[in-house]
Amino acid sequence: MTGLALRGLGRRFGTVEAVKDVDLELKEGEFVSLLGPSGCGKTTTLRMIAGFIEPNAGTIELGGKVISSPSASLPPEKRGMSMIFQSYAIWPNMTVFENVAFGLKLRRLGREEIRRRVGEILDIVQLGDLADRYPAELSGGQQQRVALARAVVIRPAVLLLDEPLSNLDANLREEMRFEIRRMHDELKITTVYVTHDQSEAMVTSDRIAVMNKGRIEQVDPPVELYMRPRTRFVASFIGRTNFLEAKRERDVLVFDGFSVPVSALAIPLADGNAVTVSVRPHALDLSAQQPAANGRIVLEGKIARRAFLGDTWNYLFAPAGNGAALIVSAAPHKVIEDGAPAWLTIDPGQLVPIA
Amino acid sequence: MRPLALAEDSSMTSISSSQEAVSGTRSGRISLASRFQPASLLWLALAAVLVVLVVAPISQLVITSFTHPDTGAFTLQNYVEAYGRPRHVAALFNTLKMGAATVVLSLIFAVPVAWACARTDMPGRTFARLAMLGAFITPPYLGAVGWILLAGPNAGWINRIWIELTGATEPLVNIFTFWGLVLVMASNTFFLIFVFTTTAFEMINSEMEDAANILGAGTWKTAAKITFPLIMPAILGGALLTFLISIALFGVPALLSIPARYPVVVMQLSEFFGFPLRVEVAAAYSIPLLLITVALLGLQRLILSRRGYTAVSGKGGERRMVKLGKWRWPMFAYVLLVAAITLFLPFFVLIMAAFSKVWTSGFALSNLTLRNFGYVLFEHSTSQKALIASISLGAASATIGILLALGVAYIVQRKLLPGAGVLAFLCLAPFVIPGIVLAIGFYAAYALPPVALYGTYTLLALAFITRFLPIAFSASASGIRSIHPEMEEAVRILGGGRLTAVRRVVAPLLQRTLAGGWLLIFVPAAQELSTAIFLVGPTTRVVSVVLLDMSEEGRLELLAALGTVLLVIIVAVVALGIRIMGRDFMLRREL
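So the protein sequences, as listed, match chains R and H.
Add 9 to the 1-based position in the first sequence for my numbering, that's all there is to it.
Add 180 to the 1-based position in the second sequence for my numbering, that's all there is to it.
Keep in mind that the hints were calculated from the coordinates and are not lab data.
For clarity, every value in this text was computed on a predicted model and none was experimentally measured.
Since no wrong hints were added, every one of them can be taken at face value.
Result set (EDC-like, lysine to aspartate or glutamate): computed pairs, CA atoms no more than 20 Å apart in a straight line: (1) H:405 to H:387; (2) R:36 to R:194; (3) R:87 to H:666; (4) H:595 to R:63; (5) R:74 to R:63; (6) H:565 to H:729.
Coverage of chain H stretches by chain R, computed from C-beta distances (three or more under 8 Å per stretch; other residues unrestricted): (7) 666–678; (8) 684–691.
Counterexamples of contact, computed for chain R against chain H with all Cβ distances above 10 Å: (9) 123; (10) 278; (11) 303.
We treat Cβ as the ideally placed atom computed from N, Cα and C, and that holds for glycine.
This is chain R alone, in the form it adopts within the complex (with noise of 0.2 Å):
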C-alpha cells in the first residue's frame, strides 16, 4: 500500500495549464518536497492535494483510494489531511488553546482527551504556558509553532506545508527548518512541502521534486538532485552552475578547446550528437601556475572579473582560445588577480550531461 499518489494530474485555469502531467507517488511517512520558481504550479499541485482545487486531469489517491479526480472530488474536510498555511491561517478570535483544539472539537473526541492531546503538543511545540494567550499576543515564530500544533494534532493522513516559512526572518527561518524535520522524524507523517526556497527543501526533505512550467522536472534525494540534475533547468535552479556544449564523436565528447572519454562521465549518456553537460563552480580548481595533469583536463586562460563574496571567491575564468567562460568558486585564501593568467582544472567525473 502507498501513501499518496498523484497520477497524470492536470490543472488548467482558463487557456493556462498550471499543472500537467504529474506523476508523484509518496510512501507512507515520506517527506517530499515541490520546488520550484513562483508560477511553476507547485502550489496549485498542493491545493489539488489538499481539495481546493479540484484537477482537470488524472487521480489523487490516499491510501489506494481515489479522492480526487475530473469527475469527483472529495472536499477537503473530508480528507483527513491537515495544512500549514503561508499566513498561518490561526483564527485571531480563539485562544491558543481553542486554535488547536478545535480539530479535535470536530472529531468529537471527548473533553479530557482534547485536553491531554492539546497539551502534550503544545509542550512539543513549547507553547505549553502560551495556551491562554490570543494569537494577536504572540510573535511570529510563535503563530508559526501554533500552526504546526494545530495542523499536527489531529494525526493527519497526509501533512501539508505552503511556504510556511517565507514570513520569517532569516534566523527563525533556519531555525523552523530544522524544527520541521525534527517533528517528521518524531511522527513519521507522509508530508508534502511547497517551498522556492532550494535549502528549505534540502534540510526537511526525503526526496525533492523540481517543478518548472507545470511539470515535474526532476525527483530525487537532495544529494542525488545537486549532483545529478537530469534536466538543464534542474541544474540551474539547484546551486549555480556552468554548461558546456560539446559534439558526441563516438566515444568522445569534443568540446571547445579539450575532449573527454564518455566512459569518464558521471552518468551514461544517451543517444544524440549535441550534448550540453552542467559542471557546478565548486567542482573546478583554479591556480595561480601550470599544474600537473595526472588524467585531468587542465586549461589555459585567464581571470576575467571577480567578486569577493566572503566565504568564497567568485571567479569569472575566460580560456585562451573560442571556449566559453566558466564561473568558479575557490576558497577566501585562494587568490588570483583580476586580468591574472590561470589554469583551470576539470574532474571527468564531475561532467553531468543533461537533457
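Dock chain H against the given chain R, drawing on the hints supplied.
Frame of chain R; chain H shown alone:
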C-alpha cells in the same frame, strides 16, 4: 528548541485514525452524500431573494412606464402625459437648478471646514467634526421644520426679532423661497462633500507638497498646482453625490416648495400618486431622474478612478498642520456659523417648540410643558404606533439587509458561484435609484394584486432593505475582504464544512464590521421618508410620514415633540456606534 517527543501511542495511531476520516471508495467513484455541501442551496436562495428585491421592482418600474393602465398594451402615452405639459417639464428643470444651487452652497459650507479640520491647527476640530456629523444624521425634514420656525415670513423667530428691534414692517428673511429651499437642502447634504474632502486632505502626504517646495514652488503655487488638484476629484465626487441626493429628496420640498411656489419633480410625482392615482405616469415621469442618476454616478466613477485620485488614496504619510496664527479664531467662527445654520439654530428652536404650549410664545415658565411629549407618546394613537413601526422597520431592515449582504459578499469574495459578479452588481444597483423612484417600482411590482402587499409593513420592509442594500453590501464586502481565505481553508482541511467556517471563524471576526453596518442602515431607515411616502397605507404609517401629516395639520408643537423623540433615538444609536466603532464610523464609505 528541545527535541520532539510524542507519546508512543499517538504516533502509532496517527495513520490509522486519520484513514477512517477518508471516505473515498476503491472504485474511484465518490459517493454523492460525501460531495454534497449544504451551503450550495443557501447560495441559490440568496440569488432568488435579490431578484425579488432588486430585479423585479426596477423592471416593473420600466415596464409600467410603457404599459397602458387599462389595456395592458405597450404605449408611449404615459410619457406624453408625464412630459406633455409645460408645468411638468418646468418642474424637472426647477429640480436641476435647485440641485445645482444646493451643490454650490454645500461647497461653500463644506470645503473650508474640511480644510480647517484636516490641515490646520484650528481649535475645536473634533467638535467641528461632530457638529457636521450631527447635521447629517438629523432628518432633513426636521431641519426644514426648524427653519420654518426660524424664518417663516410672519411668525418666524428671526423675523419677529428683526421687526421688534428695527420696527420694520417687512420680514427680513423668508424660508418659503428658492434660496430657503436650497439652504435647508444644503444643510443636510453638504456633509458628503465634507467627508470626501476631509479624507482627501488627510491622504495628502506633506512630502508631496515639500517636493514642490524644494523644486522652487511657493506656498500659493504649491496649493494651486499640487494640493488642489489632488483633492479636486474628491470634491467633485462629493458634489455629484450631493446633487443626486438633493434632486431626489422628498421631505424638504414637501414642506417648503408649495408655499415657495417652486414646483419640483418629487412634488409632481406625489401629485401623480394622489387622486386619481396614476402610477404609470409617475413611473414614466421618474425615468429621466433615474437616467440622470445613472449617468452622473458613472461620471463620478470615472472621475474617482483617474490617476489623480489613486495618488490621494495612497497611504497618508506625515502631515504637517498649517499654523493659522491669528486666523485660528476667525476660522473657528466660520465653522461655528456653518454649524449654527445647519444644526444648532433649527434644532434649538425645534426642541424649544417641543417643550412649549404655543411655540410662538417662546421662553417663559408659563409656556413650558411636557404635555406634547405625553400626547405623542401615549395618546396620539398614530404617532405612538408609527414610532414603534419605524424602529422595528429600521431594526428589521438593518438585520435582514446585513445578513443578505453578508451572504452575497461572501459568495462574491470567495468566488463560490459562477456569475457571482452579477449578484454583487444587483446588491449595489439600488444605489443609483433615488428612494422615491424605488418606491414607485415597489408599488408597481408588489402593491396591487396578485401580490397585494399595499398597506402592509412587509412592503415597507422590503423597500427599505433594498434601499440600503448597497450600504450593507459595501460594509460586508470590505469586512470579508479583510479576512484571509486561508482562515477558512484551515477550518476545512481540519474537517469542518464551509458553514462551520462561516459560523466559527468568519462571523466572529466580522462582529464589529457587522455592528457598524447595522447602525449605518438603522439610522437612515428609521427616519426614511422618500421611500416610505408612496408605500405607507392608512394603518401602516411611519414616523416621518406622521411628522409630515402633523405639519399639514399645523400642529407644530406636537411635530416638534415627536421629532425630538426621533432625534434622541438617532443620537443615542449613533453615540452607541461611535463607542463601538470609533468616531469616524459613519464617515468611511466604500461607495
